Amino acid sequence: MSGTHAVEADSLRRAFKGGIEAVRGIDLSIERGEVFGFLGPNGAGKTTTVRMLCTLLPPTAGSARVAGVDVVAEPAEVRRRIGVALQEIGLDPVQTGRELLELQCGLYSIKGADARARTGELLELVGLSDAADRRTKTYSGGMKRRLDLASALVHSPEVLFLDEPTTGLDPSSRLTVWEEVRRINAAGTTVFLTTQYLEEADHLCGRLAIIDAGAIVAEGTPEALKAEMGHDVVTLALGGADVAATEAAVGELAGLERVVAEPDGLALYVTDGAGSIAEIVRRLDRASVRVGAISVSRPSLDDVFLQATGRRLEGAGGEQAA
Amino acid sequence: MSEALLLGRRAVREIARYPEATIPALFIPLFFLAVNIGQVSETFPDTTPFLRGQGYVAFQLPVSLMFAVATASSGLALVTEIDLGYFDKLLAAPIRRSSIIFGRLAADLVRGLLGSTVVLLAALALGAHMESGVLGAVVLVVLSALFGVGYAGFGILVALRTRNVQATNTSFLLFFPLLFLTPNFVPFERLTPLMEALARANPVSYVIEGLRSLVIQGWDPDKLAACAGVIVAMGVVLTGLSLRAIATYDR
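Chains as they are written, first to last, in the numbering used here: chain R, 1 to 322; chain U, 1001 to 1251.
Chain R on its own, in the form it takes in the complex:
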């Protein structure tokens, strides 16, 4: 790979007909060997970014290099160096798993005995040897995703793009895909992974960027991003208590940065969670508010997302500045 960067993007931008700007000038710098997460809600611009980096969609402005190669100037060379598993599982239902992988090998100039050997190796790797000679239309969602992953690996790519690889999978299949991603990365492949699952980003990614409305709003390691929050989260399970009364009772708490209303509770963002508990209890008691439970936690990536975008990623309730 040329240089040390697996992916570099400079003011990358993509607009569609009607002036809709899906990606609004993003910068990326991903070292080789990383598992880089691209976290954001539906419609944030994740897939458009991946499609530009994979040469499937030309940027409207800006530039990008993947594996050291410019995506606009040398798209064919980029395609030789990358593997792609897009959000929609790209399988031909008429072919068997083995035929599909052998064809994929052929498209990357791996032929004859080499193609057969590589196919067998990949089928073994993703645990599909027994189903290899069945048509892919008979595969379960998890099997299809694993075969799609295998097809992206036939040529041992330098950079692997995975666009929401676990969306729609059951928890067990999701864990299997995570294991595959770790194994692929351990073998030296840089992984660029888009996801809307916080847990996935937290578990898999060494570094991540949060994208919202086409712009990157935060970037760093999951731990650093959480540490930058500089506060703890005290969660009050309301257990029937009145939301407004509870908010009013804790509203003037020292060190309180914000209060977020959630479906069945309140999240208080405070500088010192453990040290605030006694005061929170006193205030609730004085206001005669009885809550169901109180807990303290370190900030999560969801809190990071909230801080960066002003809303929760996975449908939490509204928020209110303290």
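Please keep in mind that the hints were generated in silico from the structure rather than gathered at the bench.
The calculated lysine to aspartate or glutamate pairs, modelled on DMTMM-like cross-linking and capped at a C-alpha distance of 25 Å, are:
#1 R:Lys17 x U:Asp1083
#2 R:Lys111 x U:Glu1014
#3 R:Lys111 x R:Asp130
#4 R:Lys137 x R:Glu88
#5 R:Lys17 x R:Asp212
#6 R:Lys137 x U:Glu1020
#7 R:Lys17 x U:Asp1250
#8 R:Lys226 x R:Glu31
#9 U:Lys1223 x U:Asp1046
#10 R:Lys137 x R:Asp170
#11 R:Lys226 x R:Asp302
#12 R:Lys111 x R:Glu124
#13 U:Lys1223 x U:Glu1189
#14 R:Lys137 x U:Glu1014
#15 R:Lys111 x R:Glu99
#16 R:Lys137 x U:Asp1083
#17 R:Lys111 x R:Glu158
#18 R:Lys226 x R:Asp202
The structure presented is a predicted model; accordingly, all values stated were derived computationally and were not measured.
Assemble the complex: chain R is given as a structure, and chain U must be docked to it using the hints.
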């Protein structure tokens, strides 16, 4: 080129694995052949001058051949792959985009050869005979199949432009006016003046005339040249437009 062969082999495999997509398409031409003969063989007996001593089945054979080969199968296969996401997988591979089209056209060639052979055999069984002999039969089948390949470009073009299964499927219907504004039932000179003018302006007429000449006339270089010329021109134009559509897909 090897990419196109690989993709062509895959597309041909589809024909074998989805006979339900090919067999119904053969029903229509065989149905038309049988119905048309049944309806007009009393009107046009073997003694009719333009039949040159053959039954009406020989006159109708080219029309049925064209029905057999002019399908939207490749367009439908392509638009299905776009829907499923496999098309993106192919675009992300380091291959020439044109190989995706040529792979599909290879399947059309095989489908056309099979379909036109079946229709020819049916017509022979119904009493037609090839005035141009066995070699003429081979040329008839090959020209028919090549017409199907040329026409397939239209379905592929619609698939790439619309990315819509329904639109691609109905694109086949556009073939009907082209086929019926021809000397399909009677020769040019037996048509009304308006229909004759329209038929003479319709390039498909010359394909029918060329194919028909092999069946009821023998070897007519002028008619065959016109037939081949139309097939080549149609192939160049429609395949060219398809290649342009795939080259500019998402560009």
